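Chains as they are written, first to last, in full-length UniProt numbering: chain A, 1 to 178; chain B, 1 to 576.
What the hints contain is simulated information worked out from the structure, not anything from laboratory work.
Heads up, a few of these hints could be off.
[What the hints assert, rightly or not] Subject to a maximum C-alpha distance of 30 angstroms in a straight line, what follows is the list of computed DSBU-like cross-link-like pairs (lysine-lysine): (1) A:K62 to B:K184; (2) B:K225 to B:K67; (3) B:K225 to A:K12.
[To be verified] To list a few chain B residues with every Cβ distance to chain A over 12 angstroms, as calculated: (4) Q193; (5) E270; (6) E335; (7) E337; (8) K353; (9) E361; (10) K384; (11) L488; (12) V551.
[Stated by the list, open to error] In silico contact screen, one side only, chain A against chain B (beta carbon under 8 angstroms); selected entries: (13) G14; (14) G58; (15) L59; (16) K62; (17) R66; (18) V70; (19) L71; (20) T99; (21) A100; (22) E133; (23) V137; (24) K160; (25) R162; (26) L163; (27) A164; (28) S168.
This structure is a prediction, so every number in the text was calculated from the model and none was measured.
For every residue, glycine included, the Cβ atom is placed at its ideal position computed from N, Cα and C.
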Amino acid sequence: MLMTISILMENKPGALMRVTGLISQRGYNIESLTVARTLDPTLSRMTLMVDVESRLRGLVIKQMNRLVNVLQAADLTDAPAVMREMVLLRVRATQENRTAILKESEIFGARVVDSSVEGFALEATGASEKMEEFIAVMETYGEIEVTRSGMVAVSLEAKKLRLAPPISKGQPETVGQV
Amino acid sequence: MSNLMSGARILLECLAREGVDVIFGYPGGVTLPLYDVIYDNPIRHVLVRHEENAAFSAAGYARATGKVGVCCATSGPGATNLTTGLVDAMMDSIPVVALTGQVTSKLIGSDAFQEADTFGITRPCTKHNFLVKDIKELAQIVHEAFHIASTGRPGPVLVDITKDVLQGQAHYTPINEIHLPGYKVVTDGHAGQIRRAAQMMWEAQRPYVYAGGGILAAGASPELKELVETLDAPAVCTLMGLGGLPGSHPNFISMPGMHGSYTANMGMYECDLLIALGVRFDDRVTGRLAAFAPHAKVIHVDIDPAEIGKNRTADLPIVGDVKKVLGKLNRNLKELEPEMASKNSEGRNAWWKQVRGWQAEHPLEPVFSADEIKPQHLMYEINKLSDGKAIVSVDVGQHQMWAAQFIKFDNPRTWICSGGLGSMGFGLPAAIGAQMAHPDQTVFAICGDGGFQMALPELATLVNYQLPVKVIIMNNGYLGMVRQWQELFYNNRLSSVELSAFPNVELLAAAYGMKGRIVHTPMELASALKEAVDEPGPYLMDVRVSQFENVYPMVPAGAAINEMVLAPPQPVAVPR
Ligand SMILES: Cc1ncc(C[n+]2csc(CCOP(=O)(O)OP(=O)(O)O)c2C)c(N)n1
Chain A
1 MLMTISILME NKPGALMRVT GLISQRGYNI ESLTVARTLD PTLSRMTLMV
51 DVESRLRGLV IKQMNRLVNV LQAADLTDAP AVMREMVLLR VRATQENRTA
101 ILKESEIFGA RVVDSSVEGF ALEATGASEK MEEFIAVMET YGEIEVTRSG
151 MVAVSLEAKK LRLAPPISKG QPETVGQV
Chain B
1 MSNLMSGARI LLECLAREGV DVIFGYPGGV TLPLYDVIYD NPIRHVLVRH
51 EENAAFSAAG YARATGKVGV CCATSGPGAT NLTTGLVDAM MDSIPVVALT
101 GQVTSKLIGS DAFQEADTFG ITRPCTKHNF LVKDIKELAQ IVHEAFHIAS
151 TGRPGPVLVD ITKDVLQGQA HYTPINEIHL PGYKVVTDGH AGQIRRAAQM
201 MWEAQRPYVY AGGGILAAGA SPELKELVET LDAPAVCTLM GLGGLPGSHP
251 NFISMPGMHG SYTANMGMYE CDLLIALGVR FDDRVTGRLA AFAPHAKVIH
301 VDIDPAEIGK NRTADLPIVG DVKKVLGKLN RNLKELEPEM ASKNSEGRNA
351 WWKQVRGWQA EHPLEPVFSA DEIKPQHLMY EINKLSDGKA IVSVDVGQHQ
401 MWAAQFIKFD NPRTWICSGG LGSMGFGLPA AIGAQMAHPD QTVFAICGDG
451 GFQMALPELA TLVNYQLPVK VIIMNNGYLG MVRQWQELFY NNRLSSVELS
501 AFPNVELLAA AYGMKGRIVH TPMELASALK EAVDEPGPYL MDVRVSQFEN
551 VYPMVPAGAA INEMVLAPPQ PVAVPR
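Whenever a hint applies, use it, and build me the whole structure from the sequences.
What follows is the structure, given as structure tokens:
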């Protein structure tokens, strides 16, 4: 099933590769991936959508949390969360259909970001299914060009972020020594 | 305190602060600055003959001591040669720090001479890895690497260091604190869960302890022994856990799994409470998962939360360091003992009667013959010489399984075995690491004639450092374990498994400047082994065993663990 994962991780070279590597190692395909810096520039927030057998969802989250660069990985699939995707779309607008396109765009809350004699460039955000409908409607006006951002999500539950405290090199807490 | 030092000096300073006394490695262009400072540094560098073996030796050292093993390789081919050893350490949760050289920062990405994407290649081979491009980060990263390798669930960590960092100069200030906000290790198990576990253990009629490599990693052998004795439960150690409970302990009923004993596997099948401690329910242990321990509730203790519920759902999961958890659990068990212990005594007695019955019915007994050396006989003799004390390192194959079945280990960290990855060529270099760590102990490297040839150049290392490792080749003329599968599952079509052109070991040993001997008959076996052990230096022995012996019991792949094949279908004819 399609699983939505939200990850807070260190903004370091290779951190993204560790997360995606974990997915590709299992032979899964990443359906969508967005990642960007957070307010704290040393951290990044990633939203990942991937098709995972449902009994393995918990394991994938645990294995993500095991990564040294990952501060927190959460499964948002069934959790209260807001999920949005942005669509940038170009549609050919002739004299006859210009008003109709603008009307439809309004219904989807899309904005016109460019207008020319050729047509419009539109920007819309919303849940993925809504965006799919929006694209389908626009397709009825002829050939369109679409770029989708992939999903971004924010959890509506305040999850306590548990961070490891600094470790003094004086007394390392080593296991394995009897 | 702060003074100007080269990156290579800073690196060695950090290693010294981590208590490193030996590095297994192989030099190259990019690591020359490091080798220049190693030249007169107190840390010992052991020159192996192949980087894969540097990683195996470091792991052997770590497996025999519990300390972090360190290996070192140059950029490009040196680093790529390490990878099998890194995956091996990863699969068995062995603390290893691998140091590799990388081309100068400016050249990275330009396909420079001996450039390889070591960071990318080793990402899935390690617990974590680093690329150091700035000398100011070097000390911090080296300490982080040791911390990650040795804590939580141990594992290999690689530090790739560019040549300009090794060569550059910087002010060195000792690092007193490291900060890894995303690296969370839970060591204390949940008190309520532990109490509940104690309750379940007393309530069970047929409790069964299933202990693995985690016991050794945590140094939890004393606590395990106490638990087993308090509960008076039968206990098994997995291939990785051998020595975790003394091999001679009356409650120890050997190893479970594909080549486990009848008793161990039947016990697993019939128990009503499976107490899983530092194990990962590997498929070689569980057989067909759906039919594994079908009547049992499961208590699973592990430091890695991702292991719990991975293959078998736990009725009672406890995340924590198994040493700490068992310490508390034992106290809880003692507290509950007066009120609970007697409740099930009838069921418990019946359980032991059943276990002892299985043992009597199908004991794990060596096979002897007057005309040819049976492999089991070889292990029996090594066991006699070892008396539970020697360090035994093995390769992978039939000999490994017979060694696990017939050699008893009374102490932790004396059985050195590539369990998870099963890498041939492991035995000899791992023995080198173990012998470096324990110069006064007897170390056997038991190899197959196949695996031995994968690590053969390391004989030079043995001679070079005069390490008294006893290399015993169990020579059956075949890639034995593969031959066994072809015989049993591929209509005996023996495809590419016969090993011809095996070198004359007496000449080979002489060529390297060490002692060697071929043993042909059962009569001379015991005295020949004794002679090898008494020899002060390294020894190479080729023991010609019967060629077509197979390892039993065997759970065929895909079968349930109680569906063992106990013996060959009919007497196996030995072609002359
Ligand atoms: C590096 C590597 N290659 C291949 C294998 C597959 N394999 C497992 S056991 C075995 C045969 C080992 O033969 P030998 O070393 O002679 O030992 P024996 O089984 O005869 O004791 C092989 C080829 C392996 N485990 N490791």
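Right, here's what the structure says about each hint:
1. A:K62 to B:K184: 12 angstroms, holds
2. B:K225 to B:K67: 23 angstroms, holds
3. B:K225 to A:K12: 44 angstroms, violated
4. Q193: At roughly 17 angstroms from the nearest Cβ of chain A, B:Q193 sits farther out than 12 angstroms, so the non-interface label holds.
5. E270: 27 angstroms, holds
6. E335: It holds; B:E335 is separated from chain A by about 26 angstroms at its closest Cβ, greater than 12 angstroms.
7. E337: 26 angstroms, holds
8. K353: Per Cβ check, B:K353 is outside 12 angstroms of chain A; nearest 35 angstroms; holds.
9. E361: 37 angstroms, holds
10. K384: 27 angstroms, holds
11. L488: At about 30 angstroms from chain A, B:L488 clears the 12 angstroms cut-off, so the statement holds.
12. V551: Its Cβ never comes within 12 angstroms of chain A, the nearest being 31 angstroms, so this holds.
13. G14: Since the shortest Cβ distance to chain B is 6 angstroms, the answer is holds.
14. G58: Status holds, d = 7 angstroms.
15. L59: Since the shortest Cβ distance to chain B is 6 angstroms, the answer is holds.
16. K62: 4 angstroms, holds
17. R66: Cβ of A:R66 sits 5 angstroms from chain B, so the hint holds.
18. V70: For A:V70, the interface hint holds, since the closest Cβ of chain B sits about 5 angstroms away, which is under 8 angstroms.
19. L71: 4 angstroms, holds
20. T99: 53 angstroms, violated
21. A100: 51 angstroms, violated
22. E133: Status violated, d = 39 angstroms.
23. V137: 43 angstroms, violated
24. K160: Violated. Min distance 13 angstroms.
25. R162: Holds, about 7 angstroms.
26. L163: 4 angstroms, holds
27. A164: The hint holds - A:A164 has a Cβ within 8 angstroms of chain B, the shortest such distance being about 5 angstroms.
28. S168: 6 angstroms, holds
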